[in-house]
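Now that you have both chains on their own, put them together as the hints suggest.
So you can see what is in the structure, the chains are spelled out below.
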Amino acid sequence: MPRDSERPRHTGRFLRLGALLAGIAVALSFPSMAPSPYELTVGIAILNFAVLSTSWNFVGGFTGYISLGHGAFAGLGAYATGLLVTKGELPSFVALFVAAALVAVLAIPVGYAALRVRGASFVIVSIALVLIMLLVFQSWASFTGGSRGLVVPRPFPGKLRSEHHEIFYFLFLGLLALALLAWWIIDRSRFGMGLKAIREDEDKAQSLGTPTYTYKLVVFVVSAAFTALAGGLYGLWFGDLDPVFQFSILSGAYMVLMALLGGVRHLYGPLLGAVIVGYGLEYSKLEYGDTPLHLVFAGLLLGVVVMFMPDGVIPAATALIARVRGTGETSIRELTAAELRDERDEREADVRPDHRPDGKRPDGKRDGKREVRQ
Amino acid sequence: MPSASLVFQSIVLGVLLGGLYALLAAGLTLYFGVMRVVMIAHSAFLILAAYLAWYAHRETGVDPLLTLLVTVPLFFVAGVAMQRLLLTRLRPATLTMMSVLLTFSVALVIEGLLGYAFSGTQRRIRLNYSSASLEFFGARVAVVKLIAFGLAAAALLGLYLLMRHSRFGQALRATIQHREAAALVGIDTDRIAGYGFGLGLATAAVGGTALSLDSTIYPSLHWHWIGPLMAIIVVGGLGSVPGAAIAAMALGLTQSLLQLELSTTWAQTVFYVALFATLAVRPQGFFGGRLAQRF
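Chains as they are written, first to last, in my numbering: chain D, 1 to 374; chain G, 375 to 669.
If you're looking for bench data, these hints aren't it; they were derived computationally from the structure. In this text, all values refer to a predicted model and were calculated from it rather than measured experimentally. Check before you lean on any hint, since a few could be wrong.
Label pairs and their calculated CB-CB ranges [to be verified]: (1) D/Leu286 <-> G/Arg465: 33 to 39 Å; (2) D/Ser189 <-> G/Thr590: 51 to 57 Å; (3) D/Phe245 <-> G/Glu509: 42 to 48 Å.
A virtual CB, placed ideally from N, CA and C, is assigned to each residue, including glycine.
Pulled out of the complex, with its shape left as it was, chain G reads as follows (with noise of 0.2 Å):
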């Protein structure tokens, strides 16, 4: 039986983990919300992100946290141009179907070209405050952790913000609730639905960086990430931004409090458990409609 003590840093740390999870599956969220899309190619930006921000670092030597001033608008004008440019042009009949493999396939060529670029080797970025933690109630955190969960937190609250109380957040709550409906009240969805998945990019842009802090980065990691990740939002209920995080933060913690007794491989088969028990109990997820749209 481990101790309290310990139990209660393993509860920390899932609740750091959770709240990244919560970002990046909030993104996923987007996409399938506004393009009825599932973007496998989500986690291979994170990657693409977490490299951008591990290079920027290395040939000048700037804080990751700055390399965000560019990949965020980068990947918010990446994600708009591929809405507009390849899934538009994709059958509407088979839209969902297709775009997996679509996207399945700008994984592919992102991971072909960062071992290309980068080589398969295992990089880290070392920063002077990479070691550095604090203490909390008897849990030690790494400072790095903390400033991930922080921009997550942060971005996850941007986001919220921007969906309740902005003009063009009403408009892309709009368009994901009934987009026939809010072409009609003079939205232009086409156009909003763009920027929606240009802002599912960005999070993953966000979510990158944070996890370039204290992760080693490898070409094929986003394989590992995209697991979790689709299991989170399965479970939560496809199109729910509310339960994709509640989803999130659940699964992080049971993933780190089964870490106490298990090897990290097994406690991360919690996901697939959580995945495949959603199926077979209750398809339509957990904490959200099959299709539940609110934000």
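Looking at chain D on its own, in the form it has when it is part of the complex (with noise of 0.2 Å):
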């Protein structure tokens, strides 16, 4: 039994390597591909969202608070940048770093507030988050320039706009590796035990002695700093800010969207989810221009996803492949109680039969910790 199921593990990783190796291979190959520099502004434009929503993906994914006011974070990311460019005469990069520390040091009030609550009234101080600060960098135009805009100078003087396209690229896809390494590495963290904890059952978490509240806090503060730096080096490429786009409930909408689709428990999930949706928001701008159509294929498409698939495309296409395989994966809560049932009932009788004191199993091997109820 053991040796079957671990053959196509074996091969899952090896697969899982090579589209890795293959999708890095793209990645970086192509911008010496793309036909044209409008082309590279899409890439990048999808690289941005693939941040953005692996950003929110901390806080998302591992706790399942769901924050609709992330663009928040973007847009402070964003104006601290660009302030600290033109008012604060620091260079572009320091400035983006800084920056990112800064909206971090505000996000510790901001999640304190907002992380007492759970399920509604936290999505509803999310969104009231993004609205208040649209009020605010519309309203201090004498300090934000309001709705006439901010100019970001470029950090590259001297470079063509295809060269400017070209470094940018790379830039974001330093800060989605950067990302997703990280949330990598809290995955398989203590760290990352205790916010899945959370996301299962709070209440449980807590009363096993996870300091929930803290756990909460931290990763909402590391969701917010990659989603500033995010924002930051957005607002360092494009050069012109507005209010209206930094600070749209829209665009922390397309980051749930973008993660939900490609499955929040997956490293790739909101990066897969940032490749369609992307293409699908570019595409439809190219296709149907200034008419306000693309709010309706976002909606309908979040729409479908909640409804259909709140789990995202990954899961729902490695359950198909497990189907077809006949081989299903085992983690917390893709079992139901009754499968657990199942499983245990299976193993009663695989033990019962000549069931040993010393714990050992009739195939020889030690059952280990495993308990099996009388």
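Following this line, the structure appears as structure tokens:
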């Protein structure tokens, strides 16, 4: 039995490594393959989306708290970077990191208030955060430029436009790699385990001694910092900020949509979602131009994802593959209580006929700590 | 320092505005009560009703108030359909979170379609009584604002009487209080919850028509409304109708008074300040328990 179930896991690992290497190769060679600067800008936009939704997924994926207001952190990152460059006269990339640090500090009191409540109230707070930022940045025109916009000077003034795009493509790619790596590390850590326990059952996690509130706050701040980095980099690349676009609920909703579509429990889920949604948005903007139909598309897509595949494309696809292959993945929530009971019954049936007190199973393997209920 | 008459004027306007807020927040509270749903699309339906009133007036010249005869039943049916066809199909474990996203997507679709049908141009209904105003103890109050308040007050009163003194209201309150127990005594809770949802959406029809009387409307206006409304229901205590009404009045008044000294935009931040203060000090809300299920 164990031999058979290990084989697909091995091939799975090879496949995964191969896919990863192929993905990296495609991502690295994209600028030289892109037929025109326009495609390159689409690539940058998609990478920006990917960083944003991966950053969002630090909170959404691990803890299950759905924030519709992460657009506020992206906008703050962009504005803080821009203002530090123009008013603080800091070098562009120093400003970027200072801005991210500032946003992280700001995220502490925001998280303090928002994470005190669960579910519905948290989402409301996150929405309010974007709206309040929009109000402030529009009204405080003397400092932020208001609706006239804020022009952020380019970090590489001597470069041609296409060279500029290419540099930023790789900067976004690097930031994406950093965000994915951070998510991967947390995913495997004790900290990540605690966060996932919050997602599954916050009260139980707390009663088992997980410092749930601290964990939530820490991951919220990390998420905000990455979101701010993405926003700041976008500000440096795009060079022109307007409160209406920087502090839009829509951008926060896109992050959620992308992460959910790909799958919030998976490292590459938000990235996959960003490729699908980012490409779709660019396409619909190209086709339908000035009409607000892209809102309708985004709305319908979000509705379909929520209704029919709330776990995302990756779990749906792996479940399909597993069904074809006849193997199933096992993890906490993937099994229903009924399936768990069946599994336990099966195990009991396995053990019972000659149950030995030394914990050895009939097939000679040690049963470990596994308990067999009598 | 503004003069006393100006302050009085602001108070009157604040009360009128608070009435409208109270009506809309009551709708949001109903959804939360019957389904544990935070209905982001409520204000999108509000704008939809306002557009329908404007469109009917432009095409046929009828008084916007007459469109209520169509929009109220229409929105009621839409609400029942939304609850039966969409919200009940979500997984119970993640219902609250996912319902936010689902209703958000409905809001996006409504905004997109309104923008597609009527463009992003700002619209306004011109009525022959649009500019009329009444003198009220030295305060000048536009007639349309009084009509809007009257509509809101009548709808709230109707809602109250329905909830308190009808069999349906009794069943609805029972469903809100304890769904399983209500089902045990023979109430068809699914159907009642659907009607409750429809009732909530019907309040958006009334509110939207009231709004169309004296506001300039455009498709993305609903974002402007959703923030204050959400703040009101959190401050009032999610699920508590009296809490929502008190919070709506208090915040509407404060906003109106702040406008004397601050610009309109800055005055609006009072909702968000109140929201964050509530969460920091009393997360369950000021005028009701966290899940206060009273009506």
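Consistency of the hints with the structure:
The supplied range of 33 to 39 Å is met by D/Leu286 and G/Arg465, whose beta-carbon atoms lie about 36 Å from each other. Checking the proposed 51 to 57 Å range against D/Ser189 and G/Thr590 shows it holds: the Cβ atoms sit about 53 Å from each other. In this structure the hint that D/Phe245 and G/Glu509 lie 42 to 48 Å apart at CB holds, the actual value being about 45 Å.
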